[in-house]
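S.K.: Sequences listed follow chains C and R, in order. Sequential numbering from 0 applies to the first sequence in numbering that gives the first Met the number 0. Sequential numbering from 0 applies to the second sequence in numbering that gives the first Met the number 0.
27 Å max Cα-Cα, derived BS3-like pairs, lysine-lysine:
| hint | chain 1 | residue 1 | chain 2 | residue 2 |
| --- | --- | --- | --- | --- |
| 1 | R | K157 | C | K208 |
| 2 | R | K249 | R | K157 |
| 3 | C | K134 | R | K157 |
| 4 | C | K179 | R | K333 |
| 5 | C | K92 | R | K49 |
Counterexamples of contact, computed for chain C against chain R with all Cβ distances above 10 Å:
| hint | residue |
| --- | --- |
| 6 | G53 |
| 7 | G121 |
| 8 | L209 |
| 9 | E283 |
| 10 | E312 |
| 11 | L338 |
Far from chain C by the CB rule (all over 10 Å, computed), these chain R residues:
| hint | residue |
| --- | --- |
| 12 | G18 |
| 13 | L99 |
| 14 | V182 |
| 15 | I227 |
| 16 | G301 |
| 17 | R304 |
Quick caveat, the hints were computed from the structure, so don't treat them as lab data. Yeah, the Cβ is synthetic: ideal placement off N, Cα and C, and Gly gets one too.
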Amino acid sequence: MKISNVLKLFASVLMLSFGTSAIADTLSDTKDRGHVRCGVSQGLPGFSNPDENGNWVGIDVDVCRAVAAAIFGKGGDDKVEYFPVSAKERFTKLTAGEYDILSRNTTWTLSRDAKIGLTFNGVNFYDGQGFMVPKALGVTSALELDGASVCVNTGTTTELNLADFFRANGMSYEPVVFEKADEVLAAYDSGRCDVHTTDKSGLAAQRTKLAQPDEHMVLGETISKEPLGPVTREGDEPWSDIVFWTLNALITWDELGLEAGDALKTIVGDTSQTPEVKRILGVEGDQGGHLGLDKDWAYWALFEVGHYGDMYERHVGANTPLALARAGSPNAGWKNGGLIYAPPIR
Amino acid sequence: MNVRTDIIKPPKQDIFKSGKFRSIVVQIIVMVLVVGSIGWIVNNAATNMKANGISHGFAFLWETSFFDIGYLPFIEHTASHTYFNAFVVGLLNTVLVAVLGIFLATIIGFLIGIGRLSDNWLVARFCGFYVEVLRNIPLLLQLFFWYHAVLRILPRAKNSLNIGDSFYLNLKGLFIPKPIPEVGFNYVLLIGIFSIISIIFLFFWAKKRQALTGQQFPVFYASLAIFIIPILIVSFLNNTPMYLEDPVLKGFNFKGGIRLIPELVALLLALSLYTASFIAENVRSGILAINKGQIEAANAVGLQRVPILRLIIIPQAMRVIIPPLTSQYLNLTKNSSLAVAIAYPDLVHVFAGTALMQTGQAVEILAITMSVYLTLSITISLLMNWYNSAMKLKDS
Ligand SMILES: N[C@@H](CCC(=O)N[C@@H](CS)C(=O)NCC(=O)O)C(=O)O
Chain C
0 MKISNVLKLF ASVLMLSFGT SAIADTLSDT KDRGHVRCGV SQGLPGFSNP DENGNWVGID
60 VDVCRAVAAA IFGKGGDDKV EYFPVSAKER FTKLTAGEYD ILSRNTTWTL SRDAKIGLTF
120 NGVNFYDGQG FMVPKALGVT SALELDGASV CVNTGTTTEL NLADFFRANG MSYEPVVFEK
180 ADEVLAAYDS GRCDVHTTDK SGLAAQRTKL AQPDEHMVLG ETISKEPLGP VTREGDEPWS
240 DIVFWTLNAL ITWDELGLEA GDALKTIVGD TSQTPEVKRI LGVEGDQGGH LGLDKDWAYW
300 ALFEVGHYGD MYERHVGANT PLALARAGSP NAGWKNGGLI YAPPIR
Chain R
0 MNVRTDIIKP PKQDIFKSGK FRSIVVQIIV MVLVVGSIGW IVNNAATNMK ANGISHGFAF
60 LWETSFFDIG YLPFIEHTAS HTYFNAFVVG LLNTVLVAVL GIFLATIIGF LIGIGRLSDN
120 WLVARFCGFY VEVLRNIPLL LQLFFWYHAV LRILPRAKNS LNIGDSFYLN LKGLFIPKPI
180 PEVGFNYVLL IGIFSIISII FLFFWAKKRQ ALTGQQFPVF YASLAIFIIP ILIVSFLNNT
240 PMYLEDPVLK GFNFKGGIRL IPELVALLLA LSLYTASFIA ENVRSGILAI NKGQIEAANA
300 VGLQRVPILR LIIIPQAMRV IIPPLTSQYL NLTKNSSLAV AIAYPDLVHV FAGTALMQTG
360 QAVEILAITM SVYLTLSITI SLLMNWYNSA MKLKDS
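Next comes chain R alone, as it looks inside the complex (with noise of 0.2 Å):
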């Protein structure tokens, strides 16, 4: 067909039709009607307080808490300390909760979601069952179940399970030796953070050598050696400058060596355990999503099966994996909140929990508390997406 050119010319430009600038228009509104809500709310809210008799506004944060917290594996809070501190120590408490959950449930999720995949029928149907009981029961009941259940059978401090005079296992929590270092333990120190750098130096240059030459070096065991052996040595030179500080029953708990309590032990198992049930679903289906030929091809090089899951199917599987993942660490970060549900002394319980009755200023700290779960979702879907582009496959 023919087509008259000119008529298809580009209309004149006219600034109000045009759709970026009404598209910008439109988000102006938006955003005024966004800002001026909230703002409308705050003053409301302000106003409202101010009229019944509440105080309001952050000073708050800086007046003496009166309260004690029972969990301090970071820093001091004292009944003296203020309501800020009380707040960082609730922070800190989550993000250990946060971190530890992450790093068990990611390895629990990748065992069973490989071993689901598993040749060996037992395996690959325990895998099953693991993933469709714990996904299927709700995680408030889990967390019950542990603390409730399991942990309050152990038996009273006094008689403890004892494991060789060192550790010691009851209803206050796990005792373990402390190691404490002594005069010399500094050479020690140095000298395994020069290992360290040693056996970094070791890996680029073992790659380098495959790159170039095609030979493999046994990386893994030289590291080890290299990590060892010097250790060892300056060890023996300096009378093992390190000593085990033994936990010893003292009236009615154990003082000394290090602590795990219960209320940690139960949110970390229930935390952990139920990621990963959902982990493994993701890590199974990313492996599922892999060409067959990828493995058939393989095979036919004659690779052995750790290395081919190792170097083949897992590279290629994460670029599927790391975006549900991200998901699950953010939903475990915030069902750490649970922690109310038993005693253990994180952000919610801390903060708006006993400081939020004893100041009665609810709107803030709910406020500081909802934007604390904020910047921690946003930093872990940060640090993810960054780590994502990294695995991305990459055009060479």
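One chain only, chain C, in its complex shape (with noise of 0.2 Å):
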């Protein structure tokens, strides 16, 4: 299993040794192959996990369904191929090409943009890191866990902020690091560490797979900020625009505050409807060209995956077992006084 992941590995600096670097255009490869490829956790609930039926769903799940459908038009959204990976895995098979996207709770950070050789395509998700503790333990605040074994997923931001924190703080801790994440969370369960560390969203999900979910707690305290979003590899500007714009085009339809769903059928034919609108849908102007898409890439996005409001209530939203209520949240529209904020789309 583990060894093998390493062999995978290896398999991904092969082809990084063999391949020749010719001029990438992933749209046209996506294309010829009717479907797009697109990274994913290994089981993130709200973000990207199997449902019952063995069915990806999540946050960052959609962000993928919205780009197939942005580019293969009506039904569109089923045209994804899901690759899990650890966190430990994500980068170096992106940049070797295994997947075109991934939408995986990544974060947007300088040396992963500018050394790692990846783009970061906007934000879907802004979250922070954060501690849970059992109850029992009478923890209150994250200034209190001197000393402590804490649980950490290998090759994430986490396991840099949990070294900065402490080192802020001037707090000893004994890292226990694992790479998976259900081995974070078993390890954590069963004792070995007194804390578990990973953006509050993830903390929210991980919450709801313990055997006595209401006997822990999270901690007040935010230690970091985790923008994240979907991210491509450096190289191919064409395709890094195609997913940036179709994310903002689901924040800009929440922005709009107008239904999307099936409701798009009335609104397209709607002549009273703003210019901004009809050029969002293809009426008026060809946005999609631009992009290389049809010119109502956005309205089939809109329509087989919903807008930005519709996927973070479905997923993460007050009423699903993460319950992370959106209002007052930074993923409000950034009217509302959230940070959810997309530049013009003409």
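Now that you have both chains on their own, put them together as the hints suggest.
M.R.: The following block contains the structure:
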């Protein structure tokens, strides 16, 4: 299992070593293949997780579905192949070309952007790192964690923020580092660690998987900024543009306060709509053409997947097991005091 | 038959047709191809990485790592140390597991292997059972068994199993008292070294005496006495200049004392018990390879069981045992990289895991990691070859 991961990583490296770096044209490769290849987590409820029928669902999955619908039109959201990857292997496999979008609760950072050969294409969830502890421990603040054993995922920003936080506060700790999220959780649940740390959304998701979720609490402190979003390889601008603008079309529709899905059938024929709406849906102008797509790219993305708010409420919102209320959080629209903001589609 | 000798005269030497020349040419061609391919791969990888905006080269080794490592038995590592330091920590942790694992596997393997040939039915059966079971279950599964099943039933730190307020066992590991030297300990150390030197002299003296006169000297008991008595006297005179620091529960964890983390224990258990089952088989076949006449002769001379084993059987069996033993040692060392499956921070976990991910420099890091395993393997092979030739039958 694990050794084979090392071997797979090695295979990716070989691809990097033997492959010739022709000018990448991911869009036409994708059209030829007939589906989008999307890297996701190995199972993080709300973000990317297989449902009871084995279909991938989540707010990260929806980004890939929307891109596929923007490219392939009606029913295109099903034309996605998913590649579940651990935090550790996600970038190597993306740069080696195993998949073309990495939509896996991945934080946008300088070194990932500038050093590893990645392009970040906007943010679909603003997150921050937190700590979860058993209530029985009697801890109420992260500043009381001096000397604790902390379970954490390898190859994450989490591992680095953890080191920063304890160093900045002059506290010591024992990192217990696992490769898989499930192993982190099991080690925490058994008591090998006193503390579980990851993105707060991840804590909310992981808590639902614990034997007794009610006996655990997430501490108040948020120790980092974790803007999560879809990632592509550096060096294929047109492809990155498609991912970026598809996500932003979903956000724009949420800002406009319009309904997506079936309601679009009437909106598209309604001549009284604003020029902006007509432009996004491809009734006027050809924004899709600039991206190398059809005029109605955004129409199909919105039709099949819904807008940003739909996506949020469906997977992580107040009425889901994660119960992360959108209002008042950074993931509210900018008009409501949040950070979700799309550049103009024109 | 009559043979005309003039025909058999060697033909005129044509260097282009000589086997030696051809072999050299072939070797040169192969060499050029291999070096050329490697060069091409390296160059191609570098070009590709550059084109894709991925950094490359080895300069990252001197950059700040920004991550901590959980188990540091040898040297310090904090988030402000370099990636190179993290590499050294990982390497040392790998060597630690390999050395301890080889040590344990050898002892257990020899005991089980010899036990399997025992006349005692129960012992022989148990050893046979051990070999059949452990050899046939995948190592990773055994590792998970020890780590996730056995070591996870231990109590939490607060409810540790407590032995005499000095030894504690819990989910976070085994905590034992740590000997701390005090003033005057140097005298004890000095006398200890002196005793060891005396024991070495005694050993040679006894050997020589036995060769000359045939008389045996109780070297073992004498050595024990030489080692222990002076140390006890000097310690007593200096008011026992050593004190045992007991581990105590402070906050989340035990402080003080020596700590054995569960990850290391699970890895050692899995590696040594698994490898021991193979070593046992090597030992058994080595012993069985010895001519029965040797044992019968030893019996006829009136030697006891243990001396027969120690003086006649094992030394001869070693020649058969060592080569396959070497490959078991190599296997154990390479298998230690299964550490990534649990949270033991070995080389693969720390360097080919966290460091690789944080730097993105997969090619360089995997190349370094593979060279390390290659070097470790070659070192073990060389040591074992040297030992093998030392153990060879010598004509005298
Ligand atoms: N956002 C952080 C952390 C992402 C991360 O991998 N978190 C873990 C812990 S919740 C996870 O999602 N694991 C899911 C999996 O392994 O499939 C990053 O980009 O480094």
